[in-house]
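Enquirer: Here is how the chains run, residue by residue.
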Amino acid sequence: MSVLYTPVQWNRNKFLYDGVLLAGVVAYILVFLQVAPLFVDATRPVDGAILRMRAFGTCAFLMLTLILCIGPLARLDRRFLPLLYNRRHFGVLTCVVAATHALQVLGWYYAFSPTPRLEALLSANTSFGQVLGFPFEVFGIFALLVLTLMAVTSHDFWLSFLTAPVWKALHLLVYPAYAAVVAHMALGYLQDAKNPAFALLAGGGALTVAGLHLAARRRDRAARGAADWVTVGRPAEIADGRARIVSLGGDERVAVFRYDGRLSAVSNACAHQNGPLGEGRIVDGCITCPWHGFQYRPADGCSPAPFTERIPTYRLKLDGDTVLVHRTANPPGTPVEPLAIP
Amino acid sequence: MSDPDRGGFFIGWSNKLPDRLGLFLVQAAAVLVAGLAGAAFAIGVTQNDPGDGAFRFDLGRQTITGVLQAEPYPVLHVTESERYPAGHAIMLSGQGKRGVQDRAAPLDGQLVVASGVILTRGPLDMLQVRGGDQGLIAAEAAPDANAVPPGVPVPVPLGRWRLTGEICDGKCYAGAMRPGQGLSHRACANLCLTGGVPPVFVATDTVDGQAFFLIAGPDGGPVTDRILDHTAMLVEVEGQIERRGDLLVFRIDPATLEVL
Chain A
1 MSVLYTPVQW NRNKFLYDGV LLAGVVAYIL VFLQVAPLFV DATRPVDGAI
51 LRMRAFGTCA FLMLTLILCI GPLARLDRRF LPLLYNRRHF GVLTCVVAAT
101 HALQVLGWYY AFSPTPRLEA LLSANTSFGQ VLGFPFEVFG IFALLVLTLM
151 AVTSHDFWLS FLTAPVWKAL HLLVYPAYAA VVAHMALGYL QDAKNPAFAL
201 LAGGGALTVA GLHLAARRRD RAARGAADWV TVGRPAEIAD GRARIVSLGG
251 DERVAVFRYD GRLSAVSNAC AHQNGPLGEG RIVDGCITCP WHGFQYRPAD
301 GCSPAPFTER IPTYRLKLDG DTVLVHRTAN PPGTPVEPLA IP
Chain B
1 MSDPDRGGFF IGWSNKLPDR LGLFLVQAAA VLVAGLAGAA FAIGVTQNDP
51 GDGAFRFDLG RQTITGVLQA EPYPVLHVTE SERYPAGHAI MLSGQGKRGV
101 QDRAAPLDGQ LVVASGVILT RGPLDMLQVR GGDQGLIAAE AAPDANAVPP
151 GVPVPVPLGR WRLTGEICDG KCYAGAMRPG QGLSHRACAN LCLTGGVPPV
201 FVATDTVDGQ AFFLIAGPDG GPVTDRILDH TAMLVEVEGQ IERRGDLLVF
251 RIDPATLEVL
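Taken in sequence, the protein lines are chains A and B.
With the first letter of the first sequence counted as 1, position 26 gets the number 26 in this note's numbering; the numbers rise by one all the way through.
With the first letter of the second sequence counted as 1, position 137 gets the number 137 in this note's numbering; the numbers rise by one all the way through.
Treat each hint with caution, since some may be false.
[As the list claims (entries may be wrong)] Non-contacting residues of chain A with respect to chain B, defined by C-beta distances greater than 10 angstroms in every case (computed):
{"#": "1", "residue": "V25"}
{"#": "2", "residue": "E137"}
{"#": "3", "residue": "S154"}
{"#": "4", "residue": "F157"}
{"#": "5", "residue": "K194"}
{"#": "6", "residue": "A197"}
{"#": "7", "residue": "F198"}
{"#": "8", "residue": "I245"}
{"#": "9", "residue": "L248"}
[As the list claims (entries may be wrong)] Chain B regions said to be covered by chain A (calculated; three or more residues, Cβ under 8 angstroms):
{"#": "10", "segment": "25–31"}
{"#": "11", "segment": "36–44"}
{"#": "12", "segment": "52–66"}
{"#": "13", "segment": "90–100"}
{"#": "14", "segment": "190–201"}
{"#": "15", "segment": "246–257"}
Simulated from the structure, these hints should not be mistaken for laboratory data.
Remember, it's a predicted structure, so these values are computed and weren't measured experimentally.
Positions of the beta carbon are idealized from the N, C-alpha and C atoms, including for glycine.
Produce the complete structure using the sequences and hints provided.
Expert: Quick look at the structure:
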């Protein structure tokens, strides 16, 4: 977290994260371009440009698949949370790899023609009325535009400038983009490939993304009530320094933290990137987001100075030994007296 | 902010990694790198054989004399060449994704000298005519004034056929690109065809011993604009086949084109 919009706040974990990412991408490209061809029994080799567009295109798809798996994996198994920490660098690198694929295509399939490349890209195939032969390039163009938009707006400056809801909605376009990439491959390269290896990898990847999201959603689904006060449970059921997440219906969730013999309730969504605060901990007396370490005071939902982030708070009360939370959120940063545990 | 004992809770900005996570993350990193390398090998090693088509730069510039037939697409019927027998048909294209119709039309039916680089794939030969004035010129008159100049081969009808196969641009299929066919290559094929490169039909079966055909319209003329929605995929189409020298020409009826 920061009050300064520095380009990248490098730290050891980010260096390690990016180092592993780069190693994975370099390994993929080198093996695809230099090692695998040695084992191919072909009459003549595939053109270098076509080999490169395949290498970077398939790499970008697998990277996007991994990115979309990280979120639900982290919800299902907390050990994956560190993979989420620097996910935006993963996204930016994926955008670079996808753009390299696009440049290879433009520089080969759309080159050497009297028609300018970008004009050719949009005019060479206009069979929009058929499935086989559909201009699958438009799906790739859409996905690349989304990835570029996400990469360009990935910095916290844009999160603040656009506001969190707009920024989040913009970045949720990654799901339509992923669907577009799957369509791009299904109507293009996969129609030509005689060997099912890539079809299995692509299908398996897409199914894994869908399956993990469904599993995480099922796990998160909680009982929903209609009353003003929603049952949280007994205080003893919440570990010290931890929280219980309670669904208030729809997508609204509240995180009820136990600390120092008291309870406080705040929105489960971090003001930074909507990270799940209820999966965080109390560190230094502050609720600490598991995604990027943003911190808030439990009693008023405000970040400690000099930080300025604020989140909504909620009222709590005891009914016998059962804690209840009121479903109406207070404005972000509203102080609420913590509920003392008897 | 301080960095207290967090009981295995990961905080990104903290430079200390909880002990219990260290081994797990090292394993995850290893799986990521090894998994990507393994996926690259699995995908890279299972790509289709793109065929034996290629530019034959190794043969150097070819200079071939023959009778030029401009329609449906420029073809040279060889009369004299160091490499090719008389009667062999060689399709002609320009540089890049361009045809040579504008240069061939004034020379239709004449004896010409063509020079450029050959592309070869199996029995299919294409000459990429070099640019400038010398790529395609009328041959000098024969010294014997009484000699009968050679003409274009008389078409030999082989009947009406319904064939299954793929419409490709003759240049990429011949080896300008490897692979030069398939849906991934469709936009490139269409750009080649609209640029004037001769279209070929690559059949799944043979007619008179050949599996590729120069495509023409029902009237024997060009048909490019009517086939662009059916390129680069498996289609069925009907038409008349005729032999012109050693080249088979498939005069397709575009109305019968059907995607399989």
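Enquirer: Indicate, hint by hint, whether the structure satisfies it.
Expert: Checked hints:
no., hint, verdict
1, V25, "7 angstroms, violated"
2, E137, "6 angstroms, violated"
3, S154, "15 angstroms, holds"
4, F157, "18 angstroms, holds"
5, K194, "5 angstroms, violated"
6, A197, "4 angstroms, violated"
7, F198, "5 angstroms, violated"
8, I245, "16 angstroms, holds"
9, L248, "25 angstroms, holds"
10, 25–31, "holds (count 3)"
11, 36–44, "holds (count 8)"
12, 52–66, "holds (count 3)"
13, 90–100, "holds (count 4)"
14, 190–201, "holds (count 5)"
15, 246–257, "violated (count 0)"
Of the hints listed earlier, those the structure fails to meet are numbers 1, 2, 5, 6, 7, 15, in rising order.
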